[in-house]
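Q: Starting from the structure of chain D, add chain C where the hints point.
These protein sequence lines are chains D and C, in that order.
Heads up: the first sequence begins at 1 in the working numbering, then just goes up one per residue.
Heads up: the second sequence begins at 443 in the working numbering, then just goes up one per residue.
Simulated from the structure, these hints should not be mistaken for laboratory data.
Fair warning: there could be bad hints in the mix.
[What the hints assert, rightly or not] Pairs of lysine to aspartate or glutamate, EDC-like flavour, derived with a Cα cap of 20 Å: (1) K468/C with D191/D; (2) K355/D with D311/D; (3) K797/C with E780/C; (4) K199/D with D153/D; (5) K790/C with D723/C; (6) K26/D with D633/C.
[Stated by the list, open to error] Where chain C lies over chain D, by a calculated footprint (3+ residues, C-beta under 8 Å): (7) 56-70; (8) 399-409.
Cβ coordinates follow ideal geometry from the N, Cα and C atoms, glycine included.
2 protein chains.
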Amino acid sequence: MHPKRGADKPHVVVLGAGFAGLTFCKRLTSGLARVTLLDRQNHHLFQPLLYQVATAGLAAPDIAQPVRSILRDRRDVTVLMSDVTGVDLARREVSHTGGVLGYDYLVIALGGRTSYFGHEEWARHAPGLKSIDDALAIRRRVLSAFEDAEVEDDEARRGKLMTIVVVGGGPTGVEMAGALAELSRTVLRRDFRRIDPAKARVILVEGGPRVLGAFPANLSAKAERQLRRLGVEVRTGVAVREIHEDGLELASGERLAAANVIWGAGVSAVPLAGTLGVPTDRAGRLRVEPDLSLPGWPSVFAAGDIVSLTDPSGRVVPGVSPAAMQMGRYIARTIAGELGTVTPPRRKPFCYFDKGTMATIGRSAAVAKIGWAEFCGWPAWAAWLVVHILFLIGFRNRISVLLQWTYSYFTYRRGARLITGLDPEREAQGAAPAAGPENRMT
Amino acid sequence: MHPKRGADKPHVVVLGAGFAGLTFCKRLTSGLARVTLLDRQNHHLFQPLLYQVATAGLAAPDIAQPVRSILRDRRDVTVLMSDVTGVDLARREVSHTGGVLGYDYLVIALGGRTSYFGHEEWARHAPGLKSIDDALAIRRRVLSAFEDAEVEDDEARRGKLMTIVVVGGGPTGVEMAGALAELSRTVLRRDFRRIDPAKARVILVEGGPRVLGAFPANLSAKAERQLRRLGVEVRTGVAVREIHEDGLELASGERLAAANVIWGAGVSAVPLAGTLGVPTDRAGRLRVEPDLSLPGWPSVFAAGDIVSLTDPSGRVVPGVSPAAMQMGRYIARTIAGELGTVTPPRRKPFCYFDKGTMATIGRSAAVAKIGWAEFCGWPAWAAWLVVHILFLIGFRNRISVLLQWTYSYFTYRRGARLITGLDPEREAQGAAPAAGPENRMT
Chain D
1 MHPKRGADKP HVVVLGAGFA GLTFCKRLTS GLARVTLLDR QNHHLFQPLL
51 YQVATAGLAA PDIAQPVRSI LRDRRDVTVL MSDVTGVDLA RREVSHTGGV
101 LGYDYLVIAL GGRTSYFGHE EWARHAPGLK SIDDALAIRR RVLSAFEDAE
151 VEDDEARRGK LMTIVVVGGG PTGVEMAGAL AELSRTVLRR DFRRIDPAKA
201 RVILVEGGPR VLGAFPANLS AKAERQLRRL GVEVRTGVAV REIHEDGLEL
251 ASGERLAAAN VIWGAGVSAV PLAGTLGVPT DRAGRLRVEP DLSLPGWPSV
301 FAAGDIVSLT DPSGRVVPGV SPAAMQMGRY IARTIAGELG TVTPPRRKPF
351 CYFDKGTMAT IGRSAAVAKI GWAEFCGWPA WAAWLVVHIL FLIGFRNRIS
401 VLLQWTYSYF TYRRGARLIT GLDPEREAQG AAPAAGPENR MT
Chain C
443 MHPKRGADKP HVVVLGAGFA GLTFCKRLTS GLARVTLLDR QNHHLFQPLL
493 YQVATAGLAA PDIAQPVRSI LRDRRDVTVL MSDVTGVDLA RREVSHTGGV
543 LGYDYLVIAL GGRTSYFGHE EWARHAPGLK SIDDALAIRR RVLSAFEDAE
593 VEDDEARRGK LMTIVVVGGG PTGVEMAGAL AELSRTVLRR DFRRIDPAKA
643 RVILVEGGPR VLGAFPANLS AKAERQLRRL GVEVRTGVAV REIHEDGLEL
693 ASGERLAAAN VIWGAGVSAV PLAGTLGVPT DRAGRLRVEP DLSLPGWPSV
743 FAAGDIVSLT DPSGRVVPGV SPAAMQMGRY IARTIAGELG TVTPPRRKPF
793 CYFDKGTMAT IGRSAAVAKI GWAEFCGWPA WAAWLVVHIL FLIGFRNRIS
843 VLLQWTYSYF TYRRGARLIT GLDPEREAQG AAPAAGPENR MT
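Here chain D stands alone, though its shape is the one from the complex (with noise of 0.2 Å):
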């Protein structure tokens, strides 16, 4: 399957509609070539604020975009809702559930996926966070929790709902704590009458040391002395020893009964980048030439979370999305000066440049790194919140956020707290209320 417009140029196929994808195409000059961007879901998500969808403070519609919709205007790029299912380099095509298609540059943007290190099986009993449908199944599972308690007499199991368990002292792993503190001591407070959701307990659980390991230690303190405050109960250096339906084991031997048990830890690079042939690093991720190109493939390009790279000046490019950003305008850079070239200029090391890294835990409390500045409190929340705001891609969708948390600011509460897909069964038979158990009835 070909597009039809502009046969006679050459054809850039992107795998991934991610941070480096989608900005690999806008940044493309326009009219170059036939582009075609293919990606599994129909939307662009905006990921750093995937875990406010999962603590019920934003919509998901306000975090992702359709992605021909923000591509509308550029008529030379075909965006098709497809999976990949292979690539073969060697005939340089990609093959994708709706057909076949030929390339003259690949550019890979697949992006990872959540690992359990080996434990695949963890994975039912604790979810990860990476897509839309991850963040609205957590959604659902702690708001179900607390609902369920409210209904339940008995003492241990009423214990074991109200408690959840966020692995992983990551940047996801700590904001999503401090989302779900916050979830019970205010914005549930007042809604119960036989459970107090205050007394909830959320635990974060960090192999390393401290949480934040890629802050400094200082900063690391601090994130640590706020999350105390809202009432997270954190465990550093004890790691994970087994997960199961009744909640988790430390290695230290303590148990933890819990109905919630999220996901923070690992990432990993998708099966595809270990089928290419060429080498990858333990998380299976792509070790690229400095250009970003595959070793031996110098039309074929990878960018984003799949990627393995030390840039020129020492320094581990980290998978945080500025970086998938640049990767995406590096390549588009880099394809645009060979197209109509005779002798294409020699290519120059792809160099990561940092803008900081912030990470926030709650009402008015974040921490901060911007060069070498370092904040924390009030002053990094509310540069948070204006980093935040001014990268979400849409008019409509900055509004909207900005709307939801100027309404949660002021009055405690959180405008998503709905509880949808309660029976994924049903819906796996393509069935309609009518056809459900007969003592589903109110």
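A: Okay, now just chain C, sitting in the frame of chain D:
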């Protein structure tokens, strides 16, 4: 399981947190009784706007509010999210998945469900529209069909993917068909490269002689004209004979190949109504006394769509939200008047006050009948907007819906074009993406 507070006060159990049940709880004088409200969902749903979630105009949280959040200041009301499994009128007990509740007064407000007139097997091919999950499923199916059409090479299959049939010409069907036509003709128009969404067929099938059969004939005619102007093919006076995977067959013998069939034709009472041993009508609804009590059970009331009643003026009370709210209010007054009185006043019959009906048909067009006055076009549309914003529950929701509508009006875009829940089977297995099929990689 009994609530703790005020155990000496009479216990009122309310089944269902729709318009009837929620209005009852809000209107019953505070402190007179212990009230327990049961619902299988955690949210009250503003059903009149559900079609806008199904057609990507609004996000799900915009039209729903957590029940316990709405009633947070009513300390005498306990909300339990639980499925009702049975009512024992003789023992004055309600069983639900979390236990058994005794009652002094019972209000049954469980509403209706999609009915396929004995063809329950149609449910999997023609989803109805009663819950948030229904709406999200329809949104997923409709948006996915356009995505699949963009990838599809075969002309016939592409035509099927781009055909949507709406069965039922009542307000739900009319509003749905209008919104779908607008979606394909304006919103999606410039976003695809290989298909022209404006060529999508939207067909509205109605068994009766005209659409909006409950409206005056001239308004029906205007609504039909407006639908045709939007590009909807309207087929009246023809019943559906069969619905299957490939589309549907009409009684006229015509076959319509359609990837999406949406069912807006029938509603019946939930099955519980049939288990009470009291008279029901053909749609399974409870035939109540003029005071909305069940015959022979003066302390058991029914309200909302589960009720079949002709009021003293000889008018059949319609299954619309104003009627449900009026019933809830009436029962609250009745019970409040009897509590704490040795000789309760004689109950007056319930009278339905018809405030009018309206239906919107796309941008700037609607029909409305308010008292003797009939409107159409822009004035009816403006009235529709004002009424729907006013009756939405929650300040945040009102602002958010206003924002979305303003945005859509000026940009011809829709803010909730998300395909979520792509793989319900995965969810049913409780597995995170990591455990998903290896070929889903993008």
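Q: Hint by hint, say whether it matches the structure.
A: Status of the hints after comparison with the structure:
Distance restraint check for K468/C and D191/D: the Cα-Cα separation of roughly 15 Å lies within the 20 Å cut-off, and the hinted pair is therefore satisfied. Using a Cα cut-off of 20 Å, the hinted pair K355/D and D311/D holds, with the two alpha carbons roughly 15 Å apart. With a C-alpha separation of about 28 Å, the suggested pair K797/C and E780/C falls outside the 20 Å cut-off, and the hint is violated. Distance hint between K199/D and D153/D is fulfilled; the C-alpha atoms sit about 16 Å from each other, no more than 20 Å.
Only pairs whose Cα atoms come within 20 Å are accepted, and K790/C paired with D723/C is rejected, the gap being roughly 23 Å. For the hint pairing K26/D with D633/C, the CA-to-CA distance comes to about 15 Å; that is within 20 Å, so the pair holds. Against chain C, the region 56-70 of chain D contributes 8 residues with a C-beta closer than 8 Å to a partner C-beta. That satisfies the three-residue criterion, and the hint holds. Coverage of a stretch by a chain is defined here by at least three residues with a beta carbon nearer than 8 Å to that chain's beta carbons; for the region 399-409 of chain D and chain C the count is 5, and the condition holds.
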